[in-house]
Structure formats: C-alpha cells, structure tokens
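Peer 1: Chain by chain, the residues:
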Amino acid sequence: MLDLVVFVPLVAAVLLAAVDVGDRAARGTWVAVTVLDLALLVGMAVAYRTPAPGALAYERRLEWIPSVGVGYHVGVDGLSLPLLLLTGVVFAGCAVYSLREQHRPRAQAALFLFLQTACLGVFAAQDLVLFFVFFDLTIVGMYFSLAGWGHGDHRRSALQFFLYTFLGSLALLVGFIGLYLAADPHTFDIPELIAAAPLQGSPVAGALVLGAVLLGLAIKTPVVPFHTWLPPAHTDAPAVGSAVLAAVMLKLGTYGFVRIAMPMLPDAWRAWAWVLVGVGIVSVLWGALVAMAQRDLKRMIAYTSVNHMGYVVLAVGAAGLVSGSDAVARGVAVTGAVTQMVSHGLITGALFLLAGVLHDRRDSYDLGSFGGLAAPAPRFAALLVVGAFASLGLPGFSGFVAEFQVLTGSIGATSWAVAAVPGILLTAALLLRAVQQLLTGPTRGLSVGFQDLRATETLPVAGLLLLALVVGVVPATLLGWITPAATSVVELVGR
Amino acid sequence: MDYGALLPEASLLAGGVGALLSGSFLPRHRQWAARLIAVVALLASMVTALLALGTPTTVFSGSYAVDTGTAVARLVAAGGTLLVIGLGVEELSGDRRESETYALLLLATLGVVVLAGASDLLVLVVGFLLASIPVYGLIGLDLSRLGAEAAVTTYLLGALAGIVLMLGSVVLTALGGGSTYRVLAEQLSTAPRAAVAFGVLAVLTGLLFEAGAVPLHSWVPDATQGARTTSAAFLTTVPKVGGLLAAYRLVEVVPTGVPVALLVGLLATASMVLGTFAAFAQRDLRRLLGWSTVSQVGFLLLPVAAAGRSDLALPSLAVYLLGYTVTNLSVFAVLAARPDQRTVQDARGLARQQPWAAGVLVVGLLSLVGTPPTAVFLGKLTTFTAAWDGGLAWLVVVAAAASVASLFYVLRWVSELVRPPAGTTPSPGLADRRPWATGTALGCAVGVLVVGLAAGRLLDVLSTGLVR
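Residue numbers (the working numbering), protein chains in the order written: chain A, 1 to 495; chain B, 1001 to 1468.
What the hints contain is simulated information worked out from the structure, not anything from laboratory work. What you are looking at is a predicted structure, and each value in this text was computed from that prediction instead of being measured. One or more of the hints may lead you astray.
[What the hints assert, rightly or not] Just so you have them, the derived chain A footprint on chain B, three or more residues with Cβ under 8 angstroms:
hint: 1; segment: 1363 to 1374
hint: 2; segment: 1389 to 1399
hint: 3; segment: 1449 to 1460
[Claimed, not checked] The calculated label-pair distances, taken between Cβ atoms and stated as ranges, are:
hint: 4; chain 1: A; residue 1: Pro66; chain 2: B; residue 2: Gly1054; range: 16 to 26 angstroms
hint: 5; chain 1: B; residue 1: Asp1460; chain 2: A; residue 2: Leu40; range: 27 to 37 angstroms
hint: 6; chain 1: A; residue 1: Arg24; chain 2: B; residue 2: Pro1215; range: 55 to 65 angstroms
hint: 7; chain 1: A; residue 1: Arg495; chain 2: B; residue 2: Asp1002; range: 58 to 68 angstroms
[Unchecked claim] With the C-beta cut set under 8 angstroms, the calculated list includes, among others, these residues of chain B facing chain A:
hint: 8; residue: Leu1312
hint: 9; residue: Thr1382
hint: 10; residue: Phe1384
hint: 11; residue: Thr1385
hint: 12; residue: Ser1403
hint: 13; residue: Val1404
hint: 14; residue: Phe1408
hint: 15; residue: Leu1411
hint: 16; residue: Ser1415
hint: 17; residue: Val1418
hint: 18; residue: Ser1463
In this text, a Cβ means the ideal position worked out from N, Cα and C, and glycines have one as well.
Start from the sequences and build out the full structure, keeping to the hints where you can.
Peer 2: Shown next as structure tokens:
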C-alpha cells in the first residue's frame, strides 16, 4: 500500500514524459493521479492504528545492497503519517492550481509527479540511504522547477538553491556514513540504528557526526544563518514551486531532526541542545524582523517561514534539555513541533499560491504597487485575510495549536524560551500590515482592474485553509497520531 | 604454463591484429568488416572472461593474477571499448583511418587489462607501454592543430611517466630481491622505509599518468579537446580502469610503516581540487569534461588509499569504475551524436530540440556529481564508506566538499539545456541524425540508472580479495 502511494506518481511521471498526450490531457492526468494518491493516503490514515513504540505500520522491507546493510525499508508512524498526508494534499492542490498552466504543462506535470514521489519517499523511508536518495531527488526536482518555470533572475536562484542544498545533503551523507560505521553490525537501517544508538559514550565522534547531520538538516530547514538561499528561491519560483518548497520541502529538514538526529544520537543531541534552542530563538526573531522589512510579498512570506521553522527548532532543542525538566513538557514541545510542520505546510502553501496570483495577473509582488484589492478581488481578499490570521497563530487555526504547544513545552523545559514569544507579536504586526496595505484603502496602482480568483485558484487555497481550520478546531485526531510518537522520541533522547 | 587463462587477452590481441590487417585490404567504404572483427573480439574477450570466473589464481610463475581485479578490468575495459566503438560508428565510418582506429583501441584495451592484472613489476612496465603507446596514436589520428599538439604533449608526458615508472620498478626490485608482488610483499617490510616510499611513489606516478591524475594530468584536457570524440571518450574512460587497479594492487603490497595511505590521499585531494576548480573556467565542453575526469580520478583514488585497510575498498573501487565508465560514456555519446555542440553556449535549448539527448545529458551529468540513484552515487557512497573505514575520514570530508564544488560547472551546462533556444536554431535534419551514437547514449543512460539501482548486489561477488 505504502509502495503504491510512493511510486504511483513516479510511474505517471515517466509515462507523461515519454508519451505526448497533449496539454489538456497532461493537466487532467496530473490532477487525477494526485487525487488518487491522496485518496490512497486517506485510506491509509483511516486504517492506521498506532503501532507499538519502535514498530511501524505499513512496513515493508526488501534487500537492496545487502553487503553494506542498505535495504528498501519503508514504514509509517505518528511522525510520518501527518507529513505524508500533508504532501498528498499540497501536491493535489498544486495540480488543481495548475489546470490553467500554459507554459509546457506536460513537462511540468511530469516534473511535479516525480517530485511528489521524492517527497513521499523521504517521509516513508526507514533506511538512511533510501532517505538520502529521495532527499537528493527532491533537490533535483525543485531545481528544474526553478530553472524551467521560474521568473526574474531564476537561473541564478536555481543555481544557488542547488549548490546550497547539495552542500547540506553531502554533509548529511557524511554524517550517515559515520553512523553506519559506528554501528555494530554496520547498518543503514533507521530502526536498527535507533535501537543501537551507536555513538553513545563517544562524545567527540558523536558531536562531529551530529554536527554533520545538523548542518545538512539546518540548511534544508532552513535556520539562521543557513537560510540565505530561501528568499531568492521563493521569489523566483513559480507559484506551485514555492508552495511545494515551503509546504513540503522545508519539512524534510525538520522531519530529519525527529526521525534521525534525536533518536540516533541522544547523548550528542543533549550536548547540542542549547545551541539548537539558541538557533531556534534567533531564527524566530530574525525571520520575523527581516520579514518586516520586506516590500515584496513573496520574500516576506519566505522570511515568515524562517520564523515558523524557528519554533520547530526551538522545540526539538528544548526536548534535549533533559536535566531539570519534565518529560511531559518535552513531549508537548515535540508534539507541537510536528504539528507546526503540518500547520505551516497548509497555511504557507495557501499563502504562496495566493502570492502567485499577484504575479500571474500583474507580474509583481511589490506590496507598495497594490492597494484596495478588496474591491476588485473580494475572494482573493477574503482568503488572504484568513491565511494571514491563520499564519499569525489566531486561535481556531492549526498555527495556534502548534505554537501554543511549542511554547508551553519549551518554556516548561527552559524559561529562556520566553525570548521567542515576541516573534508572535512581530509576525502578527507584519502580516496585518501587509494585508492592510494590499487590500484596504482606495483601489490604486496595479489593483485597478485586477481579476478575482478563478475556481481553479480558489479551490486549492480554500481547501488548504479549511484543513488548517479543521486542525485548529478539532486537533484530536492529528494529536492522537503524533503524541505517542513524540513521547517515544523524548524517551529515546532521554536515555 | 596455463595459456588458456589468458584467452580474454588473446582475443583482444587477435582482434587488434585482425582489424589492422583487414584494414590493409579493405576498400575505404567497406571498413565495417574491421569494426565487426573488433566487436567480435571484444565480445569474445568478455565471454571468455565470464567463463573464467572462479577460483582466483596467478599464472606464469606468479607474474600475472587472474582474480576479481583482473576480471573487473577485463569486463569493464572491454565493455567500455565496445560502447566507445558504438558511439563512434558515424564519426569513423568511411574514414581513412577507420580500421587503424579499431586496432589501436583494441591494443590499448589489451594494455589496460594487462596493467590491471600485472602481479609483477616487469609485467606492469609492459602493460604500461602497451596501454599508453596506442593512446598517442589515437590522439594523433586527428590531424588538426589541436590534435597534433595534444599528441605531442601526451607523448612527452607519457615518456616521462614511463621512465619514472621503470625507475620505481628498479628500486623496488632491488630492495625486494625480486619483481613479483608475492616476493615484494614478503621482503619489503625489512627494507629501508624511505627507499620503499620513493619506489612506490615513482611507480604510482607512472600509473597516475595512465589514470590521468595529478601530477601527470595535463595531457588529459588537451587530448580530450583536441582528439576526435571517439578517442576522447576512450582515453578519458578505459585507461583509468587499468591505472587504478594496478595502483590498488601495488598499494596492497606496501608494508605497514610506509605512509602510503596518506600519500595516495594527498594525491587524491590534489586531483579532486585541481580538476574541479580548473573545470569551472572552461567554455569548451570537451575540455570541461577532460578536467572533470581529472577530478573523478581523485574520487577513484579514495578506495586505493584505503586498500588493505577496509574490506569494502576493492568492491567499491570496482563498482565506481563500472559506474564511472557508463556515466562518462553516456555524456560523450551525446557529444558524438551532436558534434556541433562545442561550447557551453551551444547547449542552449537542447531540451526543446532533442529532449532525449538532453535527458541523457541530465542523467549523465547528475551522475558525475553523484546524485542518487545513479551509478556514480553508488560509487561515491561505497568509496566514501571504504575510505572512512580505512581511517581516512578527513579525505571523505574533502571529497564531499569537492562533490559540491563540481556541481557548479555541471549546473552551468545543465542550466543551458533547459533555457529556451536562442532565436531559431533549426534542429538537425534526419540526414544529420546519428542513430548509433544516439542509441549508445540512450543505452548508457539506462545503464547509469541500472548500475545505480542494482549494482550494489555485485559488492558481495567482488569481495573476494586479490591474489599475488
């Protein structure tokens, strides 16, 4: 079942690349495949029963390179299920959004289906090499999306994106090899490595290997100071590329923290915990402050991503502060971190799709060139307001559930986490200011004659925001998946 | 005397001589017969090599090893030459020197195999000469100014490398009281370390010329740019198989106490760094590839540095050589199919004009930087692991950094492919299409993915060590 979910998009991508079916059919196929894949994922989620700690649902294990301990090993638990669903939702939304795409739609559909397999594969992988293979392929896919469909100075942004994230992925590979060689018997299998925790008791090697892994994940996440590739990549990417990049690909980094770094290297994680807490707080504040200074809507949203990912890093860092804190608080922090990944994916995905509409109509993201958009484009205005409120953490939306847990749990672990609270106020201020500037006042500048959202644009944005609302109002199902897994991660870090 | 053990080598020799002789009789437009002879000889060599798989042994008083290393060389070198002939069909067809080219290709391949199998310094010298002399000819066959210049450079460097190699062999033979590796492995441990280190360094330097690595690398970019595409594809691929396997055998012989791992590690670093950074500035695609192969040898030297220190060293070297061969030839096959692609700018818009060719290039180039799940990724994963396992973690970090840097020049090429074409460059008409080169390119691209996904299974088979 899980194999099917992961590889159906790839098969469709290969067929679309090989057979010239025409533009209309290509767009239709893309939507159909993503919806089918999402349906399969929902079926999996309905039938999902929380496995015993350390066990996996929908597990499959095949030999691949047996002599170096590499296997095709996939499975689902409470950490990966929400992110798999998020991936399915975001890609389906992008497919619908692109139903009006005019620029080589067949190639774009094939590319995004390929990218979908890569993203799903990362979340499903239970083997470090398999994880790395999919992780790297997401970079390749996103590079071609930027280079082929971007605008502005997109070739330069694409190059910078690839170089920077490839550096991260090679650091990750070095770290993985270190873990492999430290384990006895040598293996790349994630559950086995978690059980073995191979570098316990060798603080120097553990710190170095964790350093390599953290560098790789920090670039992908991205956290300050490794975030500089993100704003140009977002600004020059097509709308669906931005949505996937922010909603799904940033999560690959943070997911790596909870899946690999924390449970495999508990000693080293605890040693690095203060660094992570510090970096998290700095990311929260720095992201918000720089976002405030932006005149470009997409850049602004990109920097709020740095801010939102900062909460995740803060929470996973706080979870490593074992001495003198309460395991329940740390569990809440990790649950909040995973919830934040889902929440940020839904909300920021929607915001980037909305920003794409500005570019589609007027070739500009400049906040100052628009004004009074609410009059010509009421649907756009309504959804943007909802998205902005969701993003700033208004109760009732998923962002509130996530950030509340992150801050409660982190402050429970260390009172220094209070320093991140002003980030919420800053984000609220900057989002409200942007909304005000774009939507209110007399209609002027590029807003004059602005065409409101079409059905293919409304549907995905509204769908993503509706899900954010559902998670915010009835978070029980989601938290029911995440909490047991988060508790077990906290236990593993504390050993 | 077990002459039967050398059937694969004998097939190559017979094919080379046969192609040469037939060329004297055949009219120019019927030289396909010489090609047929060459292909049959290569296939025969590969089949006999497969049949000979089994218990590793040495033949001719321990001077030639018939083991995993030799089997890898026989199969990869002959297979590589087969692909080179495939991608060169259109370029060579009807050429004045077509038969001679096939003869030189086969003789050079024979030299490469002998080099890889040599378990005696004297045989090593013979293999070196046999592998390098035909290469000078192959480069010089193109009578352009660049080709002639490259042939002279290569010849001069090759002569120097040969002398240094012989000097090293003499020193090691004198110190060990014998020239076979079996004797050397026993005797060198009591010899003065500095003298052993000097001898080993000298022999390695000669072999690095063959592999195209620093310090004797400067012929590679010149020859790749100046020679015909067929020759360039051959000389950046097949000789490395022999040079590196020979270096591996030699490093295994060196007694502990001589810092050979550090030495090879430093040479690897020099090749990776210089090759990568020199490729940055290149505008000519062939020259760029030439420098890129210099950096690739650096990566291939990782398992050589770990020889004898990690069980994974030899299997990882073999897998990397296999992966590198298909990868490099996939890129050269596209250049053979599109000889008008000379500079990076020429590549602009290829994805629209010829999506298949562009697709092969993307797969091949991403494989060169080591993106999974391609062939070179498997090579990098295993060689990095072997090097770290062999106590060379610093070298793994250097290699990872060099991989990132190599992405830069590869992306310059890839980003041109996906740019919209400038103006109305007409796509080549049917008459200009080159089905053999295109077919070889597609086959290689499929091979890149197949090797990347499936060749891991070979690691077990390859893990039997070398014999002396």
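Peer 1: Of all the hints numbered above, which does this structure not satisfy? Sort the numbers upward.
Peer 2: none
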